[in-house]
Amino acid sequence: MTVTAACVITLKKPPTYRLAQDGKLPVWSGYGISGKDALSITAFRGLAEELEALHLGEGDALSVIGDLSLNNWVGKDGAENFGMQLIASKAEAVTAPTPKRKATSKRTPPKEAPAQDEPPFYDDPIPF
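Under the numbering used here, the first residue of the sequence shown is numbered 1, with each subsequent residue one higher.
Keep in mind the hints are simulated off the structure, nothing from the lab. Every value quoted in this text rests on a predicted model; they were computed, and no experiment measured them. Everything hinted at is true.
30 angstroms max Cα-Cα, derived DSBU-like pairs, lysine-lysine: (1) 13 - 76; (2) 12 - 90; (3) 13 - 24; (4) 13 - 36; (5) 24 - 90; (6) 24 - 12; (7) 12 - 36; (8) 76 - 12; (9) 90 - 36; (10) 36 - 76; (11) 90 - 13.
Beta-carbon label-pair distances, calculated as ranges: (12) 55 - 77: 28 to 38 angstroms; (13) 53 - 78: 38 to 48 angstroms; (14) 4 - 50: 11 to 21 angstroms; (15) 17 - 95: 18 to 28 angstroms; (16) 33 - 76: 22 to 32 angstroms; (17) 54 - 79: 33 to 43 angstroms; (18) 78 - 21: 29 to 39 angstroms; (19) 18 - 81: 15 to 25 angstroms.
Virtual Cβ for every residue (Gly too), placed ideally from N, Cα, C.
Using the sequences provided together with the hints, build the complete structure.
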């Protein structure tokens with residue numbers, strides 16, 4: 001079963017790039033986390049080349065749209081494993097927010113009031 005999905009994925013390993021089919025098919029693949037779910041991401045052809053040009057690494061985030069499927073395989077230990085795979089049809093890097101700088105103020109700090117021995121006297125016509 002395949003479902004079209006859109007998600008933001010944080011890479012947990014550096015992605016790989018290779019040429020398959022005798023060097024004619026660019027393939028980019030990565031492994032990441034979306035929310036609490038781990039999944040592998042694969043892109044082909046032009047999208048693979050675009051993602052490779054971004055020089056993404058562990059901790060970088062991607063916004064990805066593609067076909068999501070659940071795969072199963074038997075591991076070396078004989079146990080059956082399950083994992084999600086997203087074949088990307090569109091992807092772009094999510095830019096991290098730039099750190100906010102502290103505002104540089106040209107105002108001078110307020111001057112301290114002179115010390116007084118007695119509390120100030122207020123001459124108000126307001127009766128209490």
